[in-house]
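**Q** Single-letter residue listing:
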Amino acid sequence: MALWVDKYRPKSLEHLSYHQELSDRLSSLALSGDFPHLLVYGPSGAGKKTRIIATLKELYGPGVNKIKIDSRVFQTSSSRKLEFNVVSSVYHMEITPSDMGNNDRLIIQDLLKEVAQTQQVDLSAKQRFKVVIINEADSLTRDAQAALRRTMEKYSPNLRLILLANSTSNIIAPIRSRTLLVRVAAPSHTEIQEILSQIANKEKFTLPPRVAERIARESGRNLRKAILTLEALYSQNDKLSDSTSIPTPDWEVVVNSIVDIVIQERNAAGILKARTKFYDLLSHCIPAGIILKTLLFKLLDRVDTGLKPEVVYWAAFYEHRLHQGSKVIFHLEAFVAKFMRILERYMSGMLDDDMDM
Amino acid sequence: MSFFTKSTSTTTKPAAQPRQVPWVEKYRPESLDDVSSQDHAVSVLKRTLESANLPHMLFYGPPGTGKTSTILALAKQLYGPDLMRSRVLELNASDERGIAIVREKVKNFARAAVSTPSAHTRQNYPCPPYKLIILDEADSMTQDAQSALRRTMETYSRITRFCLICNYVTRIIEPLASRCSKFRFKPLETGNAVSRLQDICQKEGVKYEDGVIESILQASDGDLRKAITLLQSAAKLHGAAAATPADDDDADSSAAMQVDSDPTVVTVPSVEEISGRVPHDIIMGLITAALNRSGDRFAGLQAAVEDVILDGWSAAQIVVQVHDELVLSDDFGGSEKNKIVAAISEIDKRLLDGASEHLSILDLMVKISGVLTAT
Numbered sequence: 001m002a003l004w005v006d007k008y009r010p011k012s013l014e015h016l017s018y019h020q021e022l023s024d025r026l027s028s029l030a031l032s033g034d035f036p037h038l039l040v041y042g043p044s045g046a047g048k049k050t051r052i053i054a055t056l057k058e059l060y061g062p063g064v065n066k067i068k069i070d071s072r073v074f075q076t077s078s079s080r081k082l083e084f085n086v087v088s089s090v091y092h093m094e095i096t097p098s099d100m101g102n103n104d105r106l107i108i109q110d111l112l113k114e115v116a117q118t119q120q121v122d123l124s125a126k127q128r129f130k131v132v133i134i135n136e137a138d139s140l141t142r143d144a145q146a147a148l149r150r151t152m153e154k155y156s157p158n159l160r161l162i163l164l165a166n167s168t169s170n171i172i173a174p175i176r177s178r179t180l181l182v183r184v185a186a187p188s189h190t191e192i193q194e195i196l197s198q199i200a201n202k203e204k205f206t207l208p209p210r211v212a213e214r215i216a217r218e219s220g221r222n223l224r225k226a227i228l229t230l231e232a233l234y235s236q237n238d239k240l241s242d243s244t245s246i247p248t249p250d251w252e253v254v255v256n257s258i259v260d261i262v263i264q265e266r267n268a269a270g271i272l273k274a275r276t277k278f279y280d281l282l283s284h285c286i287p288a289g290i291i292l293k294t295l296l297f298k299l300l301d302r303v304d305t306g307l308k309p310e311v312v313y314w315a316a317f318y319e320h321r322l323h324q325g326s327k328v329i330f331h332l333e334a335f336v337a338k339f340m341r342i343l344e345r346y347m348s349g350m351l352d353d354d355m356d357m
Numbered sequence: 001m002s003f004f005t006k007s008t009s010t011t012t013k014p015a016a017q018p019r020q021v022p023w024v025e026k027y028r029p030e031s032l033d034d035v036s037s038q039d040h041a042v043s044v045l046k047r048t049l050e051s052a053n054l055p056h057m058l059f060y061g062p063p064g065t066g067k068t069s070t071i072l073a074l075a076k077q078l079y080g081p082d083l084m085r086s087r088v089l090e091l092n093a094s095d096e097r098g099i100a101i102v103r104e105k106v107k108n109f110a111r112a113a114v115s116t117p118s119a120h121t122r123q124n125y126p127c128p129p130y131k132l133i134i135l136d137e138a139d140s141m142t143q144d145a146q147s148a149l150r151r152t153m154e155t156y157s158r159i160t161r162f163c164l165i166c167n168y169v170t171r172i173i174e175p176l177a178s179r180c181s182k183f184r185f186k187p188l189e190t191g192n193a194v195s196r197l198q199d200i201c202q203k204e205g206v207k208y209e210d211g212v213i214e215s216i217l218q219a220s221d222g223d224l225r226k227a228i229t230l231l232q233s234a235a236k237l238h239g240a241a242a243a244t245p246a247d248d249d250d251a252d253s254s255a256a257m258q259v260d261s262d263p264t265v266v267t268v269p270s271v272e273e274i275s276g277r278v279p280h281d282i283i284m285g286l287i288t289a290a291l292n293r294s295g296d297r298f299a300g301l302q303a304a305v306e307d308v309i310l311d312g313w314s315a316a317q318i319v320v321q322v323h324d325e326l327v328l329s330d331d332f333g334g335s336e337k338n339k340i341v342a343a344i345s346e347i348d349k350r351l352l353d354g355a356s357e358h359l360s361i362l363d364l365m366v367k368i369s370g371v372l373t374a375t
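In order, the protein sequences belong to chains A and B.
Here the working numbering is used: the first residue of the first sequence is 1, the next is one more, and so on.
Here the working numbering is used: the first residue of the second sequence is 1, the next is one more, and so on.
For the record, the hints were derived by calculation from the structure and aren't laboratory data.
Please note: incorrect hints may appear among the correct ones.
As the list claims (entries may be wrong) - In silico SDA-like links for lysine to any residue, alpha-carbon gap of 25 Å or less:
id, chain 1, residue 1, chain 2, residue 2
1, A, K154, B, N167
2, A, K338, B, S157
3, A, K154, B, D281
4, A, K49, A, F84
5, A, K49, A, V87
6, A, K239, A, V259
7, B, K26, A, N166
8, B, K349, A, S12
9, B, K349, A, Q145
10, A, K154, B, P22
11, B, K207, A, L31
12, A, K293, B, I287
13, B, K349, A, R149
14, A, K66, A, Q145
15, B, K349, A, N166
16, A, K49, A, L31
17, A, K57, A, K239
18, A, K68, A, R105
19, A, K154, B, P29
20, A, K66, A, N103
21, A, K277, A, V259
22, A, K154, B, E137
23, A, K298, B, P22
24, B, K26, A, D34
25, A, K293, B, S157
26, A, K154, B, S345
27, A, K293, B, S345
28, B, K105, B, W23
A quick note: this is a predicted structure, and the numbers were derived from the prediction, not measured.
Sequences and hints are given; from them, build the entire structure.
**A** So this is what it looks like as structure tokens:
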């Protein structure tokens, strides 16, 4: 049995429930026959991929839903062999080049060229071009993006690209100017609630509006997270009532315990304890950036307003370091140590104005 | 069977081709008179047209100001369409740079004998006895490649003229720059750009509401190419381009378009949307939250930032627009602006390094808020 997230994923543009205007635009683009390169950006769980798959369906018909997964082998310049998974249908292909780390340029060059140089095989296809979806385009290296730039111009008769990204900040300007920017905002709380109650209707159980509201708020406007939470709730409880509590994910529980440690034990022993927890989280593959961010917002809820700007400053500072450094644990600990010091100084009333470092 | 497939695919292809010409190419100026704004450069070049003597040239200026268009228009007027192919070499330095290209391609072209124009061409065009090598984006050529050009430029100057085009004149090595007469291309004046865009709208049958042209120009800051591309995307998005179907494939879609003709009018919000610019009121919302002196300023700011990020606006763009808004504002003093710009530059660097957008923007706004409410 499929997860509800997949089961109730809208299959076509008219079934999408929010951002009606955007859906209309996409469908008019798909019908116009002159489909541009797209750069779709928005936070995760906002429905970028769903929207794109629906658009593809509009472009090519139901054939796009028949997908297969190929494993391709590429050889780097240092003759190392790399395996790479490609999800494709007759009409489109979906790749996540950032899986390959620094070798993503290779994928862009080899794979895209290969696709671009062959014409559409299926003569009954509605469009003469093929579509390549590039996931996580914002984590493409500069080299890969530069390679993309030429490819986009040179092979535009045979190939349309759809780039999916969380933000356009890391996409180089030449690519941005060659694509049509499509922003997909996260659904609002009410929109999430509506979708949740629709799902509850279809699954034939009653969802108290209060619970739907709480799930929506907890999800942080992430629809996927909201639906997953709903399903988890439904399978755990026989009957949902207003008092049903929403379980916090395990990793958040751990982060919460770090928060407690950091605030209560402001000494070396506390840092040691926090370190164990951090390792625990990291070994469960929780990205360091998310740990730091969650930690910050939980800490912010607990400290005085006067301290907040400084805490935010250091969180942003160490978050930046996370991306530049090689070992994340150092920076997580550094932040914890810094926070303890700030709090200690504040407690002992020695807070002086050295904010503008 | 395979022959049939081949022939059908090739016959359908040209039908699709004409619609895919970007407007930037379609509306490139045909002659020097059509070039907007750059009066100084154009008037000098026109004089050279009359005397049929051309120096080596170096065009520099921000992108989208018509450097490439000007030299192409000049070449067209000098040689006419027939002679263009044999007399003009256009090299886009960004794809094939490097010393090998200069040594082989450029040098071979430079030393080739000047072709003789047909009688017809000679009648209509000046056809001066030299060839023209256009090196676009010359500032991205390596130093070595540039040095390799030095001698080539002099040795074959009898039969070849060079035109270097670049954004940053400082990246051209001095010996090359001193061999050329320089032309600076200014950012386009708004008046010229507006009339140009209006002209295109009219020719393409794009319907637009008031203020669209202005917001396009604002989003493209003086870059006409960007402006035209934007206009085309906006028109495409609103289905105006489909109103002139080229083949029967489009018949049903254009019929669908005409049912409600209202959406074909290009609107200001949609221009802002596709240009990736953040709407003004969202930026102002952030700034107001930062300036709020009553109540829990921090909580308000935190919520405002979270909303903006979840709505998917690009952080880099927010930084740029917050910068414009605050630094150009008259409400704040120099020392405050100083601090704000310092904070902005730091955050901009972090965003480029791939730091989390949410934290970076929050940090920035908290800092700005601290600076602005300190007094």
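**Q** None of the hints should be skipped; say for each whether it holds.
**A** Verification of the hints:
no. : hint               : result
1   : A:K154 with B:N167 : 23 Å, holds
2   : A:K338 with B:S157 : 66 Å, violated
3   : A:K154 with B:D281 : 39 Å, violated
4   : A:K49 with A:F84   : 20 Å, holds
5   : A:K49 with A:V87   : 14 Å, holds
6   : A:K239 with A:V259 : 33 Å, violated
7   : B:K26 with A:N166  : 34 Å, violated
8   : B:K349 with A:S12  : 40 Å, violated
9   : B:K349 with A:Q145 : 19 Å, holds
10  : A:K154 with B:P22  : 13 Å, holds
11  : B:K207 with A:L31  : 20 Å, holds
12  : A:K293 with B:I287 : 23 Å, holds
13  : B:K349 with A:R149 : 23 Å, holds
14  : A:K66 with A:Q145  : 29 Å, violated
15  : B:K349 with A:N166 : 18 Å, holds
16  : A:K49 with A:L31   : 19 Å, holds
17  : A:K57 with A:K239  : 38 Å, violated
18  : A:K68 with A:R105  : 24 Å, holds
19  : A:K154 with B:P29  : 23 Å, holds
20  : A:K66 with A:N103  : 29 Å, violated
21  : A:K277 with A:V259 : 11 Å, holds
22  : A:K154 with B:E137 : 18 Å, holds
23  : A:K298 with B:P22  : 50 Å, violated
24  : B:K26 with A:D34   : 16 Å, holds
25  : A:K293 with B:S157 : 63 Å, violated
26  : A:K154 with B:S345 : 36 Å, violated
27  : A:K293 with B:S345 : 22 Å, holds
28  : B:K105 with B:W23  : 30 Å, violated
Going down the numbered hints, you'll see the structure goes against 2, 3, 6, 7, 8, 14, 17, 20, 23, 25, 26 and 28, while the others check out.
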